[in-house]
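Residue numbers (the UniProt record's numbering), protein chains in the order written: chain U, 1 to 323; chain H, 1 to 323; chain D, 1 to 323; chain W, 1 to 323.
Because the hints were derived from the structure by calculation, they are not lab data.
Just so you know, these numbers come straight off a predicted model, no measurement behind them.
A couple of the hints might just be wrong.
Counterexamples of contact, computed for chain U against chain D with all Cβ distances above 12 Å [as the list claims (entries may be wrong)]:
(1) K84
(2) Y132
(3) G244
(4) L250
(5) E277
Below, simulated DSS-like cross-link-like pairs (lysine-lysine); rule was C-alpha separation at most 27 Å, straight line [claimed, not checked]:
(6) K51(U) / K214(H)
(7) K306(W) / K63(D)
(8) K247(U) / K214(H)
(9) K63(U) / K83(H)
If we take Cβ atoms under 10 Å as the criterion, some of the chain U residues that face chain H in the derived model are [claimed, not checked]:
(10) K51
(11) A150
(12) G257
(13) N319
Here a beta-carbon is modelled for each residue, glycine too, at the ideal position from N, C-alpha and C.
There are 4 protein chains.
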Amino acid sequence: MKRIAVFTSGGDAPGMNACVRAVVRAAVYYGIEVYGIRRGYNGMIKGDIVKLESHSVSNIVQKGGTLLKSARSDEFRTAEGRKKAFDQLQNLGIEGLIAIGGNGTFTGAEIFFNEYGIPTVGAPGTIDNDLYGTDNTIGFDTAVNTALDAIDKIRDTADSHDRIFFIEVMGRDSGYIAIQSGLGGGAELVMVPETDTAIEEVIETLKSGWTRSKSSSIIVVAEGDEEGGANEVSIKVKEHIPYGDIKVTLLGHVQRGGSPTAQDRILASRLGVAAVEGLMAGRKNVMAGVINNEVVFTPFHDTITKRKPIHPDLIRLVNILSV
Amino acid sequence: MKRIAVFTSGGDAPGMNACVRAVVRAAVYYGIEVYGIRRGYNGMIKGDIVKLESHSVSNIVQKGGTLLKSARSDEFRTAEGRKKAFDQLQNLGIEGLIAIGGNGTFTGAEIFFNEYGIPTVGAPGTIDNDLYGTDNTIGFDTAVNTALDAIDKIRDTADSHDRIFFIEVMGRDSGYIAIQSGLGGGAELVMVPETDTAIEEVIETLKSGWTRSKSSSIIVVAEGDEEGGANEVSIKVKEHIPYGDIKVTLLGHVQRGGSPTAQDRILASRLGVAAVEGLMAGRKNVMAGVINNEVVFTPFHDTITKRKPIHPDLIRLVNILSV
Amino acid sequence: MKRIAVFTSGGDAPGMNACVRAVVRAAVYYGIEVYGIRRGYNGMIKGDIVKLESHSVSNIVQKGGTLLKSARSDEFRTAEGRKKAFDQLQNLGIEGLIAIGGNGTFTGAEIFFNEYGIPTVGAPGTIDNDLYGTDNTIGFDTAVNTALDAIDKIRDTADSHDRIFFIEVMGRDSGYIAIQSGLGGGAELVMVPETDTAIEEVIETLKSGWTRSKSSSIIVVAEGDEEGGANEVSIKVKEHIPYGDIKVTLLGHVQRGGSPTAQDRILASRLGVAAVEGLMAGRKNVMAGVINNEVVFTPFHDTITKRKPIHPDLIRLVNILSV
Amino acid sequence: MKRIAVFTSGGDAPGMNACVRAVVRAAVYYGIEVYGIRRGYNGMIKGDIVKLESHSVSNIVQKGGTLLKSARSDEFRTAEGRKKAFDQLQNLGIEGLIAIGGNGTFTGAEIFFNEYGIPTVGAPGTIDNDLYGTDNTIGFDTAVNTALDAIDKIRDTADSHDRIFFIEVMGRDSGYIAIQSGLGGGAELVMVPETDTAIEEVIETLKSGWTRSKSSSIIVVAEGDEEGGANEVSIKVKEHIPYGDIKVTLLGHVQRGGSPTAQDRILASRLGVAAVEGLMAGRKNVMAGVINNEVVFTPFHDTITKRKPIHPDLIRLVNILSV
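Just chain U, with the same shape it has in the complex (with noise of 0.2 Å):
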């Protein structure tokens, strides 16, 4: 392997500019050439494609976003948009792919191998968490502390003013953010996808804290709760509820966004690091990811099919902790 292009897709995730930091810098130690890719799939077909040196990736190993850009691309799931997306890659003479996205990014990648046999290697970079076959996926768990730092600042104005408060945070699919930020934020109740919370749990958990007279209380609900998201919780709640003052609030894309922590900069570096030397040994349609402390390459089918459950751990402790 004499040649590489890595990428960002899909949504941004604080992180994704460590990684392909990591991947430039292994490339080089390992005298690979190295090309970024910019906007994604996007950037492959219209051959928006540089050349990177050491140099070019300094100094941003502490940013959010992704420099290289991110964007959807409906002309990939096209086969002329991969033709042309090929044709691009042939012509600087790239033999192999490094993705850093998720399981959209991940699913084209594998059909573009079945039909030009240009191998890549995928890193997980969503604030989600919610891919198999990775603990925890670059950005999450930034996107976790920044939800908690909103909770914090909310519970001090909630404190204030004995209110309860409804707060949504990220998570279609996947609970991971709200489970983690509520345990951290000290929440009364979390409701995510993966469990059914009944709005009866909700009204009794609030009634029960007004007995033992909390002065405020806060829930953190997933946005893609069976439920619904915050407001349609509140809203369902709110007539059984005859004191205390209701707020919703809804953290939104400022958990997209912001300086990775320790964690996310250390394992988008381990996993930019793995995928240049998945590359060279030879490894396609794989994810790397980190289990238990060691990097491990997963099939992207399996990434793609299986689901990753949140620790059954977590989700007794709620309970234990909102005594």
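Given the structure of chain U, go ahead and fit chains H, D and W onto it with the hints provided.
Structure of chains H, D and W alone, referenced to chain U:
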């Protein structure tokens, strides 16, 4: 003056605790007994009043919210309510009050003085900075920095995806948070209640940025803007912007919380001491503020009826800097 | 088990309060009475012990330091001291202890059990992460992120002036904070007690960076490195580096404080609950830890005598990434 | 004025990038060409000068340090050096300069003008806030908040162990950072170069706190205090304080870095625009500053020779609040 009481009222603001601490320490310093009234006028009516010592306010200078809590009080708007409040204060021998809050709080204090002769000196505690009689209110600088931090984070993701973001910040009648966080965050445009910004201008700004291939744009909207909040504005704009992915984020209650900035702690400390010294000097129905770096006392009547304009330089700067 | 007590001991660490909260809430949840001992073994000897309820630990999950305070106790090293401690516990009917601290704490607890039969389950509270029996200690992740934040700030000024910085982080016997903050901060080299880094290698790295026109370099040094702390290393290096302005910064005690990160709060919560459940199950002389995301109990004897090595991947990464 | 250049010089300060951005955008707004000189007067001499466009300064408002870099220049102190610098500027047709820095920078600029007639308008960029002619310098508010954050963290560990901490902050000739961070951090005493604080007073304060069973004490010391830095003061005090564990922390270079606060970004933006408008209006040998919320221009001669005292209210407050 032998015995005074302090309370917080209206929306909570970072720095209120620093101000309570300063009131208590100044009182102790001058040999005056000091009580804390919990939950504003409500606690005054119910007699939820505790003696405070120097150590009661240890280690609170850095805390967000208000440990004395805050609440609306419909009962204090009634003559019966105020009578009860007076009885509670008289029982404890309280001769003067320090009210940390906004215009609603000061209006109540003035009526109360006219009826019962207990003087109040106010300190401006509100994140909105919409009080005449002080350059900055307690909590404003923290709220601006919180909003700014959110804008910085959203910029990461806006840049990564070439998106347009409408970010709504607090300020029902005032664009102070919007203009300062927008300027600091490098927003392309800031929409505030104080000035008319036509929807056409918003569209023009976005198109012009597009022409100069700005990859992303951020528009900060004060919740009280005459064109509506960020959601409404985005809907009005959307159909005229065929390119670009438009997103909306409402920062919400996080802006109220958090550990106060240095400037808020210092301002709060200064005004807490000034309020005690004001009471000792026989002042009443006035708010302590800092204008041009000097403590001044402004009659409640003026803080309530007069408006403090945004400095025209700041509005002018947004235009120049978004070139 | 009807009545237990919890205390913090040794150097304080962020997350100790979250752990105390979890112990208290778990005890309440299981119907066990719980007491808090202030200032570690000193308070046990003096009977500085208070009953804790669920609400006693409200709103502390986010607080740095330890509200139960910590202290060294020479007296507990004596048989008389331990006798007094036992009398105090017996008076209150305390049947089991939960000790949040490090190896010094656990050593005392084991001796105490052998003499008086009161069982202790430990939780690992120390920023250094130098305890065998858990992947991470409580406080470690926060300390790393605090050090990282400082490195990021210093990078700003290093880059602006083309300077070389030696930054000393905590870790007398362990390079965990150094390796993680150094990796995350993009340091050119990390010097840890676990591996020998010859001064020649430091000089080589700096010269090599200079050759590739790196404008600034950051070397992170664990305070316990075999070549000495940052000051000593910088002196040894200085004469061999004719160009470049060399500066030294010792991060110091800031690394101990601050609001705990999400990971530290969750780990602390999990171990606090596990410690209570461990005591209930009859465990003694063991430390609760999390290895590979599962709770495990390790005999004090092992936590004291065995060493936990730094993962070789991390050491390897620093070399690759500083290319 | 058709063409100008901007540079940063002296110690770097957060907000310098925001100021450069404002200079560039204002120049573009007014149809003036603008160049950036790298590494201050050194780059001027070497011709390290690049054309800047509006997009050159995109996404830098939030960055610490200075992207134009800064350096000392011994050569510019010589007539030969200044001749070279003039030649470089003349080659590019540069008619005016904007210097972001401190008094050393301004002294050079005034000599340069007297010799070659190229006018300079200055902007105050230094964390120390020791410049006459502006209420605050660019970078000061950020440095204060960074120091404050460190003090908050150290308070956590001081309280946990009942310790006395001497914390040294930057300020060789000025106690601004010390007094503001000390006040904001609730320090028991602040030692600044502007006032004499006898060692006896320090001892008295500590003993008095001990008597009132304060569990911990924090003394903030400006590095330029007449009694020496924190290390020296602690040594002088130690023998007179038999109880308590005394620790010293030097905050060091972290105070120079970090993303600028809102106030620093706004001040920097305002002064960058004002400097361009000042040059356009024919001003020279003056520094733009903000006093009482209005832009003012002060002759370099005054900024260099006059001193700006600390407001006496702040010094008075420390005493009252540490009661």
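> Can you list which hints this structure breaks, lowest number first?
Replying inline: Going through the list in order, the structure violates hints 5, 7, 8, 9, 10 and 13 and respects the others.
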